[in-house]
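2 protein chains.
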Amino acid sequence: MENLVNILRADSKAKSISLKKGIILQRAGDSNASTFYVKKGLLRSYIIDSKGKEHIFMFAPENWIIADLEALEFNEPVQLFIDCLEDSEVISFNKDCLFKADSSKEKIFENAQLLYRRIGKLQRRVLMLMGSPAIDRYTYFMRTYPKLSNRVPQRMIATYLGITPQALSTLRGKMARSR
Amino acid sequence: MENLVNILRADSKAKSISLKKGIILQRAGDSNASTFYVKKGLLRSYIIDSKGKEHIFMFAPENWIIADLEALEFNEPVQLFIDCLEDSEVISFNKDCLFKADSSKEKIFENAQLLYRRIGKLQRRVLMLMGSPAIDRYTYFMRTYPKLSNRVPQRMIATYLGITPQALSTLRGKMARSR
DNA sequence: ATTGTGCATTCACCTAGATTAACAATTGAA
DNA sequence: TTCAATTGTTAATCTAGGTGAATGCACAAT
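Protein sequences appear in the order of chains A and B. Here our numbering is used: the first residue of the first sequence is 1, the next is one more, and so on. Here our numbering is used: the first residue of the second sequence is 1, the next is one more, and so on.
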């Protein structure tokens, strides 16, 4: 992953920024969708649906890339909000810099690997949302992202899982009682 | 997309196969996960959950690539079934051939583009599953894949959307009546 | 200390969609 | 042509999770 940082540093268009917790980097409807690489801290992306409810699409801790890929790729209006859950340091850059003409083949391959991994994770996400009850999604999340669960309030874990904070609370209650 | 076909043809490991409707190319639990490029016909990938219910992850008509990316990428056991919904002609290949050392930069970039697009589509899928009621997911599906809806039985559209065939049927009934 | 604000928990409802089952309509193989 | 199997429809329940509201807690700001 180090080499990605180097790529980003070498990119003249990439600029590092320090951000306070709570700062909103991108709002639904913005015309200029950006991509962010998180050096330190924690970002998240989310939508607000037609009923005003928040749904977290992903968390981005250190070394993750976060963006509204759909908006970038299909030139659609931005629909994802992106904000800071902790004081963070991020690099804002153009998505194409992962595959710059002057980067070596090895680096390109490594970056392609990153895309594959993300697709793999998204695949799992879709399958979980379709096929598993809330409790399974929760235990999977806790197993897969144990560090995240300490840094993120429960209500956000809930909206990441696709349920309400109340539902997660009662779920946790049941789990605790039955053990 | 033509160039992808050429890449596949040039790859010595890639082999073209003709398949009858109903053939199952890959089952959950198989050790050797493959990637398939669809030249003609229609494939799908799906899971069978703990209660024996089918959930379709994606359809792959002409020119699409279909695979259990999670299994390939993280060396996990295959969890996706892949089968033929129509008589098909497919090329089975190794995923790495999208980024072969001897392919030109332009081709690599184009292939990277394919990955971005897929991530964009998956993003939308997740957001729909989390944030939209079944009826919105259905109308979005019909708008986005109008040709597919003629080639695929309704019960499969339902399990792609994450609802039961009955639910989709009543949904369609309501929509027809209210118009 | 005191007020406020955000977070988690609990409870009493309500609703979208699942489940089960019965019944066409369509397809397809013998 | 006929019989069986696969699809789609409708309707009667059931349930996981949503909604809304009340309570208690932690902590930050004054």
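Treat the hints with caution; some may be incorrect.
Stated by the list, open to error - In silico DMTMM-like cross-links for lysine to aspartate or glutamate, where the CA-CA straight-line distance does not exceed 25 Å:
#1 B:LYS100 - A:ASP83
#2 B:LYS51 - A:ASP136
#3 B:LYS121 - A:ASP83
#4 B:LYS174 - A:ASP49
#5 B:LYS147 - A:GLU73
#6 A:LYS121 - B:ASP49
#7 A:LYS105 - B:ASP30
#8 A:LYS121 - A:GLU76
#9 A:LYS100 - B:GLU106
#10 A:LYS53 - B:ASP136
#11 A:LYS121 - B:GLU89
#12 A:LYS121 - B:ASP87
#13 B:LYS100 - A:GLU110
#14 A:LYS121 - B:GLU86
#15 B:LYS107 - A:GLU106
#16 B:LYS121 - A:GLU89
#17 B:LYS121 - A:GLU110
#18 A:LYS174 - B:ASP49
#19 B:LYS147 - A:ASP49
#20 A:LYS107 - B:ASP136
#21 A:LYS107 - B:GLU73
#22 A:LYS147 - B:ASP136
#23 B:LYS107 - A:ASP49
#24 A:LYS147 - B:GLU73
#25 B:LYS100 - A:ASP49
#26 B:LYS105 - A:ASP49
#27 B:LYS107 - A:ASP136
#28 B:LYS53 - A:ASP136
To be verified - Coverage of chain A stretches by chain B, computed from C-beta distances (three or more under 8 Å per stretch; other residues unrestricted):
#29 18-25
#30 81-89
#31 114-128
Calculated directly from the structure, the hints in this document are not laboratory data. Quick caveat: nothing in here was measured; it's all calculated off a predicted structure. Glycine included, C-beta positions come from ideal geometry on N, C-alpha and C.
We went through each hint and held it up to the structure:
With a C-alpha separation of about 37 Å, the suggested pair B:LYS100 and A:ASP83 falls outside the 25 Å cut-off, and the hint is violated. Between B:LYS51 and A:ASP136 the CA atoms are separated by roughly 13 Å; this keeps the pair inside 25 Å, and the hint holds. A distance of roughly 22 Å separates the Cα atoms of B:LYS121 and A:ASP83; the hinted pair therefore holds under the 25 Å criterion. Proximity of B:LYS174 to A:ASP49 is assessed by CA-CA distance (about 23 Å); at most 25 Å being required, the pair is judged to hold.
Of the pairs offered as hints, the one joining B:LYS147 and A:GLU73 holds, with about 22 Å between alpha carbons and a cut-off of 25 Å not exceeded. Restraint check: the Cα-Cα separation between A:LYS121 and B:ASP49 comes to about 18 Å, which is no more than 25 Å; the hinted pair holds. Our distance criterion of 25 Å between C-alpha atoms is broken by A:LYS105 and B:ASP30, whose separation comes to about 32 Å. Restraint check for A:LYS121 and A:GLU76: satisfied, since their Cα atoms lie roughly 23 Å apart, inside the 25 Å limit.
Restraint check for A:LYS100 and B:GLU106: the C-alpha separation of about 11 Å stays at or below 25 Å, so the hint holds. Note on A:LYS53 and B:ASP136: the hinted pairing holds, with a Cα-Cα distance of about 16 Å set against a maximum of 25 Å. Restraint check for A:LYS121 and B:GLU89: the C-alpha separation of about 29 Å exceeds 25 Å, so the hint is violated. The hinted pair formed by A:LYS121 and B:ASP87 fails the criterion: a straight-line CA distance of about 31 Å is larger than 25 Å.
For the suggested pair B:LYS100 and A:GLU110, the alpha carbons sit about 12 Å apart, so the restraint of at most 25 Å is met. About 29 Å separates the Cα atoms of A:LYS121 and B:GLU86, which puts this hinted pair outside 25 Å; it is violated. Note on B:LYS107 and A:GLU106: the hinted pairing holds, with a Cα-Cα distance of about 15 Å set against a maximum of 25 Å. For the hint pairing B:LYS121 with A:GLU89, the CA-to-CA distance comes to about 29 Å; that exceeds 25 Å, so the pair is violated.
Distance check on the hinted pair: B:LYS121 and A:GLU110 sit about 22 Å apart at the alpha-carbon level, within 25 Å; holds. Straight-line distance between C-alpha atoms of A:LYS174 and B:ASP49 comes to about 23 Å, which keeps the hinted pair within the 25 Å bound. Restraint check for B:LYS147 and A:ASP49: the C-alpha separation of about 28 Å exceeds 25 Å, so the hint is violated. A hinted pair counts as satisfied when its Cα atoms are at most 25 Å apart, and A:LYS107 with B:ASP136 does not qualify at roughly 41 Å.
Our distance criterion of 25 Å between C-alpha atoms is met by A:LYS107 and B:GLU73, whose separation comes to about 18 Å. Of the supplied pair hints, the one linking A:LYS147 and B:ASP136 is violated, its CA atoms being roughly 35 Å apart against a limit of 25 Å. Proximity of B:LYS107 to A:ASP49 is assessed by CA-CA distance (about 38 Å); at most 25 Å being required, the pair is judged violated. Restraint check: the Cα-Cα separation between A:LYS147 and B:GLU73 comes to about 22 Å, which is no more than 25 Å; the hinted pair holds.
For the hint pairing B:LYS100 with A:ASP49, the CA-to-CA distance comes to about 42 Å; that exceeds 25 Å, so the pair is violated. The suggested pairing of B:LYS105 with A:ASP49 is violated, with an alpha-carbon distance near 40 Å, which exceeds 25 Å. Pair hint B:LYS107 plus A:ASP136 does not hold up; C-alpha atoms about 41 Å apart against a cutoff of 25 Å. Between B:LYS53 and A:ASP136 the alpha-carbon distance is near 16 Å, which keeps this suggested pair within the 25 Å criterion.
A stretch counts as covered by a chain when three or more of its residues have a beta carbon under 8 Å from one of that chain; for the stretch 18-25 of chain A and chain B the count is 0, and the coverage is violated. Judged by the Cβ-Cβ criterion of 8 Å, the stretch 81-89 of chain A is not covered by chain B as claimed, because only 0 of its residues qualify and three are needed. Counting residues of the stretch 114-128 of chain A whose CB falls under 8 Å from any CB of chain B gives 13; the rule of at least 3 is met.
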